[in-house]
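Asks: Chains as they are written, first to last, in my numbering: chain G, 1 to 308; chain D, 1001 to 1173.
Since the hints were derived computationally from the structure, they do not count as laboratory data.
Bear in mind that the values here come from a model prediction, so they are computed numbers and not experimental data.
There's no promise every hint is true.
What the hints assert, rightly or not - For lysine-lysine, the following DSS-like pairs were computed, each having C-alpha atoms within a straight-line distance of at most 30 Å:
{"id": "1", "chain 1": "D", "residue 1": "1167", "chain 2": "G", "residue 2": "38"}
{"id": "2", "chain 1": "G", "residue 1": "2", "chain 2": "G", "residue 2": "16"}
{"id": "3", "chain 1": "G", "residue 1": "158", "chain 2": "G", "residue 2": "196"}
{"id": "4", "chain 1": "G", "residue 1": "6", "chain 2": "G", "residue 2": "38"}
{"id": "5", "chain 1": "D", "residue 1": "1015", "chain 2": "D", "residue 2": "1156"}
{"id": "6", "chain 1": "G", "residue 1": "196", "chain 2": "G", "residue 2": "30"}
{"id": "7", "chain 1": "G", "residue 1": "38", "chain 2": "D", "residue 2": "1064"}
{"id": "8", "chain 1": "D", "residue 1": "1015", "chain 2": "D", "residue 2": "1076"}
{"id": "9", "chain 1": "G", "residue 1": "30", "chain 2": "D", "residue 2": "1093"}
{"id": "10", "chain 1": "D", "residue 1": "1158", "chain 2": "G", "residue 2": "120"}
{"id": "11", "chain 1": "G", "residue 1": "101", "chain 2": "G", "residue 2": "158"}
{"id": "12", "chain 1": "D", "residue 1": "1156", "chain 2": "G", "residue 2": "2"}
{"id": "13", "chain 1": "D", "residue 1": "1167", "chain 2": "G", "residue 2": "16"}
{"id": "14", "chain 1": "D", "residue 1": "1076", "chain 2": "G", "residue 2": "30"}
{"id": "15", "chain 1": "G", "residue 1": "6", "chain 2": "D", "residue 2": "1076"}
{"id": "16", "chain 1": "D", "residue 1": "1076", "chain 2": "G", "residue 2": "101"}
{"id": "17", "chain 1": "D", "residue 1": "1167", "chain 2": "D", "residue 2": "1052"}
{"id": "18", "chain 1": "G", "residue 1": "6", "chain 2": "G", "residue 2": "101"}
{"id": "19", "chain 1": "G", "residue 1": "12", "chain 2": "G", "residue 2": "248"}
{"id": "20", "chain 1": "G", "residue 1": "150", "chain 2": "D", "residue 2": "1064"}
{"id": "21", "chain 1": "G", "residue 1": "180", "chain 2": "G", "residue 2": "196"}
{"id": "22", "chain 1": "G", "residue 1": "16", "chain 2": "D", "residue 2": "1156"}
{"id": "23", "chain 1": "G", "residue 1": "2", "chain 2": "D", "residue 2": "1052"}
As the list claims (entries may be wrong) - Some chain G residues judged to face chain D by a derived CB distance under 8 Å, without partners named:
{"id": "24", "residue": "5"}
{"id": "25", "residue": "33"}
{"id": "26", "residue": "36"}
{"id": "27", "residue": "37"}
{"id": "28", "residue": "124"}
{"id": "29", "residue": "289"}
Think of the CB as a built atom: it goes at the ideal place given N, C-alpha and C, for glycine as much as any other residue.
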Amino acid sequence: MKLSTKHLLGIKDLTKEDIQLILSTAEQFKEVLQRPVKKVPSLRDVTIVNLFYENSTRTRMSFELAERRLSADVLNFTASSSSAAKGETLLDTVNNILSMKVDMVVMRHSASGAPHFLAKHIPAAIVNAGDGINEHPTQALLDAFSMREKLGKLEGLKVAIIGDIMHSRVALSNMYLLRKMGAEILVVGPPTLIPKYISEALGVRVTYNLQEALKWCDVANVLRIQLERQNQPLFSSLREYNLAYGIKRKMLENLGKEIVIMHPGPINRGVELDSDVADGPYSIILNQVENGVAVRMAALYLLAGRES
Amino acid sequence: MKTILSEQQIALTVKRLAHQILENNQGLANTVVIGLQPRGIFLSDRIVAELKALVGTTSIHYGKLDITFYRDDVRKTLHIANQTDINFSIEGKTVILVDDVLYTGRTIRAALDALLDFGRPSKVSLCVLIDRRFSRELPIQPDFSGKAIDTIVSDKVKVNWRENEEKDEVVLV
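One chain only, chain D, in its complex shape (with noise of 0.2 Å):
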């Protein structure tokens, strides 16, 4: 077991994160953020209060996405839906999807579909702490990446939060 990002370095790249986001959504007057359940939300939780602290607001249009109805892989394995919470309109807004590691590139494709489904956002963006490159089987890439690390197959990588495990944590198992 390798460590990839340790609790601070996780908590400094959650910070350069939000920054980077409101470098490119000015102000976020247009901008909603959209977590990808169950375990983007845990990054997004922390990249809202993060944003709400530097914007100096309360009011973030703050979303929770769940896509496993979407999933091109209902047949072969059955997954569990979590909840869904938008509860309000991403027509026209600028949409930043969070999720905590990038790999196949799978997620991301039925998070598009599923969002779409809730009106038309004149731009989405994907924000993810994880990316494993060279492994994506769609062609989709993140806007806004914590640490991009190369990986083989066989490789595990988990990321720890607080709220479950012990403390924040990226490994390579």
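Isolated chain G, as found in the complex (with noise of 0.2 Å):
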């Protein structure tokens, strides 16, 4: 069994068989992360570079760390401290790295489809690290495997994922995904931030109504409300925003049903969590930081697994 596509593109080119396996080589790297030594020499003759052209903590050092724990090499790119600030050209950038024999390339770019892009020109395995507002897949994977863990199953799970929709890569391949592997799917949030015609498109529903997402829901994927790609305000403030799509703990307690908050992070503290439900009991934030390195491990493992 391998791999449907020579790269991580997107969740969009994956089959189900695709998602299961790359969820189950996680679950045994998850394994390996409790060990007394936490690395596996299966990446030993691999060498791999993190482009990353968009600022990125937890995405990079989570790849980092899974690159390291594969004992695969690893190379560093960041675009502010680079020649592509002199005006290289991304493909310029990326054949000069190739040719000093980089064998995968983990990218983030601002522009939905620069590693697709890439793909066509580029032989080496390329795993999208988050593009524009397109596709976050790893993040998608992770997400998925956080609430396999927690709740045992995707199939028939309702899912409520809450907030910027229309700017939120992590809400595109969540939907993706979760819709392959048979979950239900309610996108939340205020009107203009709600892309027209998504439920015929994604096949999701939509509600403009946190409360009734909150009632119905089994998991709610909270994401970050991301001013820096808004060129034009869509609400009013954030403090209204807050008001009308803020998790509150009160909520949470008065729904009398188990419910799973996630975020794939960095949480605007008092706009779309509380701090109190972020650090509270409902949430699996920190599990979701946790099973990342193991999903890497397992996108990356069975990729350069692929090669011959």
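Make the complex out of the two chains shown on their own, each in a separate frame, by following the hints.
Replies: See the structure below:
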């Protein structure tokens, strides 16, 4: 068994079997991470470059740790401190790096489709670590892994995705993945942050009412309000957003049922999540971060093993 | 197809292996058994059951080890990982590694690497049901061997277990 794709560009290209394979391999890597020596020699002969054209803490560290735990050699590239600032094109930069015998590229870019463009022009395997407002496949995989770990299954699970659906690559990847795995999806947010025709295009339900969504769902995946991606103000103020769509502890306690709160980070405390929710018993946010390393190890391992 | 070991012979051989392990590791006080995933587990399950009956104890430290991530051919063929479950310390212990067939020795080489990531055992012994001798690619030999056979590369030794196939049997295909 192996993955059906050479690259991990988006969940859109994966089959259900691919997703299952990555998640079950991640389970084994999670066990490896509990050992006294948390490192395996699998990718000893593989060199990976982390190409980050956009800021990141969690994803970059998580990828780098995953690569090192697999014994790969790791190169880091940050656009702000590189020749990209002198005007070198993306393709030139990557071809120069590849001529130093690099096998895999992990890339984050603010332009949607940047990794897909690279995949057409270079031979190395590419892992998308987030491209613009398109996809963030490893985040969706680690979200799915965390949901499955907490609730035992994905099929039939009721998942609400709350917040800035319009600008969120996490939301899009999550919707693709959860649909493929047979979960039910409800997207929630102010009308200005939900794309038109989303229910026809992606087979999800839409509501503008947070309370209704919380009552219905098993899992609430709360997105970050991405101020840096908004050229025009789509809601009047952060305070107003918090009043209408912020998750508060009291709301969850009044539901009288189990609910799991997730967030891809970084959290805007007091905007989409109140602190006592983020740090409270409903939240599995730090488990998501922990699982991220195992899931990325699985994805890298399976892509590297596909070579010949 | 030629039968190498029948169901009755396997039962006897497992008993003998258990006795030999016990003979060399008195009382099993400082000894742990680790079966190799996926197919070594069927043999280690039986050996551990036999050892428990012999010693009259129910608490033998018994773990399962998957060596997929330690293979030296990751980039040639992709192998699917199985569960590793070692919930005790192997520091200073005698470890009995158990696998069904010893052939090139590469699996055991990987298993030794994997094992050392869990601690420093005082001694590691190897127990196999079938030893395909004269086909080793590494200097590795079994300490406890069910049956040694001479084979050529094109031969395939298949160990069937009740749990998967209909009966316990070792055949040459």
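Asks: Each hint: holds or not?
Replies: Verification of the hints:
no.	hint	result
1	1167(D) with 38(G)	39 Å, violated
2	2(G) with 16(G)	12 Å, holds
3	158(G) with 196(G)	22 Å, holds
4	6(G) with 38(G)	27 Å, holds
5	1015(D) with 1156(D)	25 Å, holds
6	196(G) with 30(G)	39 Å, violated
7	38(G) with 1064(D)	17 Å, holds
8	1015(D) with 1076(D)	38 Å, violated
9	30(G) with 1093(D)	25 Å, holds
10	1158(D) with 120(G)	44 Å, violated
11	101(G) with 158(G)	45 Å, violated
12	1156(D) with 2(G)	24 Å, holds
13	1167(D) with 16(G)	34 Å, violated
14	1076(D) with 30(G)	24 Å, holds
15	6(G) with 1076(D)	15 Å, holds
16	1076(D) with 101(G)	19 Å, holds
17	1167(D) with 1052(D)	23 Å, holds
18	6(G) with 101(G)	18 Å, holds
19	12(G) with 248(G)	33 Å, violated
20	150(G) with 1064(D)	25 Å, holds
21	180(G) with 196(G)	22 Å, holds
22	16(G) with 1156(D)	34 Å, violated
23	2(G) with 1052(D)	40 Å, violated
24	5	13 Å, violated
25	33	12 Å, violated
26	36	6 Å, holds
27	37	4 Å, holds
28	124	14 Å, violated
29	289	22 Å, violated
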